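Enquirer: Spelled out, the chains give:
Protein chains: 2
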Amino acid sequence: MAQPLSFQQVILKLHQFWADQGCAIWEPYNVQVGAGTGNPATLLRVLGPEPWRVAYVEPSVRPDDGRYGENPNRMQKYYQYQVILKPDPGNPQELYLQSLEALGINPREHDIRFVEDNWESPALGAWGLGWEVWLDGQEITQFTYFQQAGGLELNPVSVEITYGVERIVLALQGKNSAWEIDWMPGLTYADMIFNEEVEYCRYYFDIADVEALKKVYDTYEREMGRSLEGDALIAAYDYVLKCSHLFNVLDTRGAIGVTERAVYFRRMRDMTRTVAKAYYEKRETLGFPLMKMKEHWDFERTNVLPVFPRVPTAPAHVLLEIGVEELPASDVDDVIAHLTKAAPALFEQAKLTYEGLEVMATPRRIVISAKQVSPRQPDEEQVVKGPPAARAFDAAGNPTQAAIGFAKGKGLDVSALKRETIDGGEYVTALVKTEGRPATNVLIELLPQFIAGIKFGKVMRWNDTNIAFSRPIRWIVALWDDVVLPFDYAGVMSARVTQGLRPFGSLELNVKSSADYARVLKEQGIILSREERRAAIMQQITALAKEINGTIPNDPGLLDEVVNLVEAPTALRGTFETRDLELPRDVLVTVMRKHQRYFPVEDASGQLMPYFIAVRNGNAEHLDKVIHGNEHVLRARFSDARYFFTQDLKKPLIDGLPRLETLTFQEKLGSMRDKNDRLTRLVAPLGHLLHLPDAEIQVAQQGAALAKADLAKQMVVEMTSLQGIMGREYALREGTAPEVAQVIFEHWLPRGAGDQLPQSNAGRIVALADKLDSLTGLFAAGLAPKANSDPYGLRRSALGIIQILAMSQTDVDLNEALTIAAGLQPLPLNDQQRNQLKEFLVGRLDAWLSEATDAPRDVIRAVLAEQGLNPSRAYRGVQELSQWITREDWAVILDNFARCVRITRPEKQIYSVRPEAFTESLERDLYAAYQSVAAKLTPDSGINDMLIAFAPIVPAIQAFFNTILVHADEPAVRENRLALLQAISGLQKGRADLSELSGF
Amino acid sequence: MAQPLSFQQVILKLHQFWADQGCAIWEPYNVQVGAGTGNPATLLRVLGPEPWRVAYVEPSVRPDDGRYGENPNRMQKYYQYQVILKPDPGNPQELYLQSLEALGINPREHDIRFVEDNWESPALGAWGLGWEVWLDGQEITQFTYFQQAGGLELNPVSVEITYGVERIVLALQGKNSAWEIDWMPGLTYADMIFNEEVEYCRYYFDIADVEALKKVYDTYEREMGRSLEGDALIAAYDYVLKCSHLFNVLDTRGAIGVTERAVYFRRMRDMTRTVAKAYYEKRETLGFPLMKMKEHWDFERTNVLPVFPRVPTAPAHVLLEIGVEELPASDVDDVIAHLTKAAPALFEQAKLTYEGLEVMATPRRIVISAKQVSPRQPDEEQVVKGPPAARAFDAAGNPTQAAIGFAKGKGLDVSALKRETIDGGEYVTALVKTEGRPATNVLIELLPQFIAGIKFGKVMRWNDTNIAFSRPIRWIVALWDDVVLPFDYAGVMSARVTQGLRPFGSLELNVKSSADYARVLKEQGIILSREERRAAIMQQITALAKEINGTIPNDPGLLDEVVNLVEAPTALRGTFETRDLELPRDVLVTVMRKHQRYFPVEDASGQLMPYFIAVRNGNAEHLDKVIHGNEHVLRARFSDARYFFTQDLKKPLIDGLPRLETLTFQEKLGSMRDKNDRLTRLVAPLGHLLHLPDAEIQVAQQGAALAKADLAKQMVVEMTSLQGIMGREYALREGTAPEVAQVIFEHWLPRGAGDQLPQSNAGRIVALADKLDSLTGLFAAGLAPKANSDPYGLRRSALGIIQILAMSQTDVDLNEALTIAAGLQPLPLNDQQRNQLKEFLVGRLDAWLSEATDAPRDVIRAVLAEQGLNPSRAYRGVQELSQWITREDWAVILDNFARCVRITRPEKQIYSVRPEAFTESLERDLYAAYQSVAAKLTPDSGINDMLIAFAPIVPAIQAFFNTILVHADEPAVRENRLALLQAISGLQKGRADLSELSGF
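Chain order of the listed sequences is A and B.
So the number in this note's numbering is just where the residue sits in the first sequence, counting from 1, plus 215.
So the number in this note's numbering is just where the residue sits in the second sequence, counting from 1, plus 215.
Fair warning: there could be bad hints in the mix.
Copies of the same chain look alike in the list, so a pair counts if it fits in one copy or across any two.
Claimed, not checked - Once the Cα atoms are required to be at most 27 Å apart in a straight line, the calculated DSSO-like pairs of lysine-lysine come out as:
hint: 1; residue 1: LYS727; residue 2: LYS648
hint: 2; residue 1: LYS737; residue 2: LYS586
hint: 3; residue 1: LYS670; residue 2: LYS556
hint: 4; residue 1: LYS509; residue 2: LYS390
I should point out that these hints are in silico values taken from the structure, not numbers from a laboratory.
What you are looking at is a predicted structure, and each value in this text was computed from that prediction instead of being measured.
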């Protein structure tokens, strides 16, 4: 085997490769930048219509990634290789993969994956869609279709390919650490820059003078303004970069709180936007000089569509395959859901019949397949109404111009018109026959619209058609039996050529006929059906776990994702170092599943084993290489985690609190420290409201005091999902009482739909306190969530409160809780806001009840009308009432109760029963019956209690209404009767409003 | 012909070439640097013993080189390609030339020259010796042997090769401007960076906020200190670079005066030194890890010297050729001067005879050639004195142990001793015969010492022998007839292999025998003799000028230099644009001769013609290419000059004065503005002292007011030698009276040895005023010149004063002038300083008179004793006295005058003649004679006048002394006689002190 390339050879090879693709070879920038994107050769050149192709290496400086050289592949400076292709050349992924081959990376020997990753840089006012490219689990490249930069829409879109050079060389040379790789023979990467790395970490973390550098930032910001004013754009832009670097230094030094950070970001974004705009305008003034490069860098598509060769006569198998660059996993699910409805609708719209319709999707193809599609639409006849007969014929009975015109319009002779009576009037009618069109013609017309109808959450543009899709469409197979259904969509002409499996080189494969398609894909090992892929993966990973006597913890979310990341799944098992098991389980699992999409493995006792299972896209050849690569990645990730863990353990949890002062919760509501203080103070009154014992309140207070402290810990900064988990972990390690530590964890619960709820009372109070604090505070600050925007996750907070109270059957009226919580806020919650918040809570409870129970809407409405702010009672009430309405006698019960309510409803006044004033025995009977019911009810009694008590008195009500005239002439009598019925009506008070029920 | 490489291909090719030479390929730095040297891959890695080889491209930022994109090859940012070879690989020039060939530059088709250029960066505490490499007159590379960096001596020395990429590509692509070169096909250099260039010029020249950036400088300097303290070396170093860039910006903005500049330089130098020292120590602590690369990057020399094969018996031709990398032109002259004495001395020391000894030198070889060198030293006999005879023989006459031992020590039998009387004592003696050694043995021993005896003004080290020479010695030919005289010097083993002409590839050529040498070199077209080269060049350039009816102005300095720049001269003629002739002649000539070593061409009327003549090293093949290249260079240079000229003309000369406030003359003496003011004020009193008419004084004052104003002009900033010339030019162009404009020019005169002197009285006064101001001011500031240091050129100032006064016969006593000038200084000139200054002036006058006249030392001493501060009178006196001492009767005249002086010399008291008290007629006669002499003399009378008057009274003196006893007993008589003789002695007063003459 040839010697693998050295670090410097890799760069030279990439230069050569991209120069051969017509790229200008550019140099790293002479200003510290965080990424190659910052180089004006990217950020400015992607603006405007001029084509551009450039490639360069960029030492990218990210101070907070510094690890004092202790991490195998994370450092404050690393080498990006950056390529910009503008416009999209049509095959950028293929070019990229060819470049890897030029470096000696054979895709067949590795697992190269395009993993969804959407890139955004607020400071640069830029975003794009694309992927991380994984090589055996290692992110080696960022591949992005730039949609916006400097706040400007990009047209054309640029393809940005950013290689992580170290990681590629690591893989090529099979080294365990970037420090060990050969820069050139005899000379390692460490020889070149290890000392610099360590020294710069010292500088960034410990030395940099915060106040002085802030002043430099201000100076540079002004210089940027002066430069721009003086038409010195690049000088201005360089100052933006310098500010950006200064910001990164300050940030790494821990000198920037959240509000301040937001301000800095705004400043940087504004600077970038101003420069970008000026740059664009300048290029425009110059007449976009690089348009001259169009012949080198762009091409006109000259798609000439063939004509469908013949009119179909027999039913045929129709196939549509939309070939795409790797879709995000969730988009695969979404598109299947969409197609499941849209595909039948398509044929319905087309007026074509079929037998057996399948919709399938993988990351690289969206497929519909219909068998026995009718060759033509049916012919149709339709009677069309014309002018009134009186106007259609003259007195002589001859057709008027109106009739002649009408007939002509329908392609008929006037003699073909008939007279018919329609809706009582007499009209002329025409029998219009529509001949069914050939299915092929219809499909050719409809398929583009059909594709256009596929919607995604987040879409991108990639070429000059400016069509938006989840990811670029690169090929379309559309077949009627063995003939292409020709059409053009998004610049792609439909054909019979599909592409094979990515690791096999995405070979262009001819599909002879729609029936042949399955065979073609099967030969590539591609499993089209999501369910089959899921089954195959499940089977493989289970088997691999079993080989080492392990099992894989159930994780449907992860499985679903992995299913949509591969076309040809092959599972593999790797190991990691046993000592890494010393790290908290949640850390290990988070790293494996969130970062790497690996399945962890447990032993019989539920303990993690030093194994992981990954799923490769491709077959089992060279699996050893893939395993080795993935193991390396995990080693590096765990090393990073260990680094954080060790760093974090150096200082007690409580030391995090002062750091929280720089972490703004919300500008008007203060820092996270303030929030933590508020929720601590909220614990006692809330505990009393919930009637909890003092001991538990005390535990809750201790936990609350530390609740947010772990936000200052590096592990949490790095992996936000570990908030609370790390807090508990660190608290336990420093000897905090377990029940207190548990509060730290539980107060975040539930973290999302389906998550666990706090189990301890102390945990519940603090969880409630945290959420109540957020709700009252943010509503008071005028930050109630809007239709599409809920930046503070208040819906989740509300839902959390509801779930906690409902599931723990904690009977509490949120009204009071809100009053207490609002009282601790720095801002008053005014009446309007308070009502808005209450409505919001009721709305959330409504939504939750709809999901959590099978109750009909009217039941929920009925309960919420009375118990909308008491989730526990509402939940119980809905369940109980749901039972009642299924009873056979329910109609009678409800009707009789309703009579009482309906007749008293118009009364504005509430009367009191005066037993002595009853004039009839039936009145008295009913009153006695009512009293017996009332005696059975307490304020805690629910709807069930009430109805149980109420049901027996129905006969009394019936008897009463059968005989007694409520609206007696004598006012006193009438009022006394109304008073009785009002009392009965009032039995539902605080329990439900049965008038909301259907049938009331 | 193949397509020439594009800009990006050139860089890639260089990467490949140097990677193949084992260099690490590194990246441009992500901090703005002024040169690749600043990149730590150079400045830090060259420190200490570790080997290192690196190559990288470096966009180098030099704000003040910005020309708003108007210059074809000068810009604020350009691309250097930087190579470091540490240690010297032994053939770095050859490697470099190979790299050019790899780019497609065939040395046979061009004129590639290594032109002395010694590099120094005070800010980096670095210096080195080497060359600019010229390609057809264009500087394309800086080639330096680094001797020091960061204030540390380098050991080993590093070879630094810095390519100017644009200029190389310009030549390759045959473009007229860097902006036109192809970065890649279809895309020009201008497309890539033209806008940036213009914008950055705006920023640097007009926009940058001076005060704010000064503060940033201060901040960064502190950050550098903090970083260093915190052991973050590279961070510290980066701040040095950032400070350096900020300084450059401030400087370009015109914000830094001379003193401030000196302070900034000191700060930067100190920073660099501190970092360099810390870096060295750190590497030492780490055990110099890159020593492991020795096997890759260094080699052990294993020179095994052969033995000279036989004893010579017949006289032979001896040849020594020291092959060197290109010597500076002046070193070629120096080495010839040295060898002219040292070569004969060598043979004398060797005790070898020879016939015909030639010493020759070219830029690449130093040669001595001696014919008929005797094959052995002569045998010698020497009588050696032994112990006294009395001790050498005992009473019995037998030799004692003393005699035996003595004889044995001389290798003789005791019987061979003789007795001889020496200095009156009897001793034993031995006749010791020394056999002459073979010439070859002697030469092998002496030649290394001989080479070591060659000294140069500035020397360098290049390899681990640490031997110093002007430039590296790369081969040595040492032949005795046809046999090599084997020795080793500076790591080079003598042999018979010389190297041919550089443009022919420096072919290794065997020299069969010393007699064969001339033929070998002749075949290469190399002219060994300096005189022959001079003649050849003279003939060629004259002929080329004649072809266009032109002549070449006499310029021996330029001719001498060119003679020493080539081995095989071929003259060529190029043209430039006629419109460039609109520029002042001095500008054109300065550019041609100083910058390019071109000969300008004049027409019959003495006007410059649009031609230049250059001399190529090589033959006439491909001369068209060389001409084209040289023309391009000149075009660019003239373009630059035009740029300055146009800029300068935008503002009147007088506007330069305020700018001079920022230009410090000397810290204690204020700015150049202050100096200009002082010299203006000095004009009137000085003019009166010189008895000049008021009209001229007025002209002088007007001229003085503008004297220094052109120092603020860009043309002068760029080409200092044009100071005064441009001032005059600009003054005339704005309508200043010609005589005033002339003062501006003349006040700088004379600018050096042999320069013209001011011709107008006004010019003279201001020239004197300027120089007197410098002398009095700087002496008052304690800055009198020291033996090896005269930073303010005070020797030249003094010499200027002397020449001006002497040559214009301006009789003035500098004492008074000094008093006036000192009175205007901000510092007092104390007595000690004043005396020091006077001594200094006398010393200069002495030196000047020695050169300017043929007068013997004693004559000069005699005159200076009386007229040391009146150059005009001294000059005349020396000339006159020189005549007198050649007269036949001089001895008598001097003797008689001397008798008067000698006899009165012991007298402490000065007596007055009392004529009435004379007692003898001879006394009276002499007194009368004296009176006749005195009557002929005025204070203006010189030594000639005095002696003419005196000579006739010699007989009277003789008569007097023959008869009269001066020391009469009677005191009154004695005193009167002494008074008479004192009066005669006093005749020389103020003219000369004849007692200084020999024979007095």
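Enquirer: Each hint needs a verdict: does it hold in this structure or not?
Expert: Comparing the hints with the structure gives:
Taking the shortest Cα distances, LYS727 and LYS648 never come within 27 Å of each other, neither inside one copy (37 Å) nor across copies (112 Å). In this homomeric assembly, LYS737 and LYS586 come within 27 Å of each other (Cα to Cα) only inside a single copy, at 19 Å, whereas the closest approach across copies is 93 Å. In the homo-oligomer, the alpha carbons of LYS670 and LYS556 lie at most 27 Å apart inside one protomer (13 Å), although the nearest pairing across protomers, at 96 Å, exceeds that limit. For a Cα distance limit of 27 Å, the shortest separation of LYS509 from LYS390 across copies, 24 Å, qualifies, whereas the shortest one inside one copy, 43 Å, does not.
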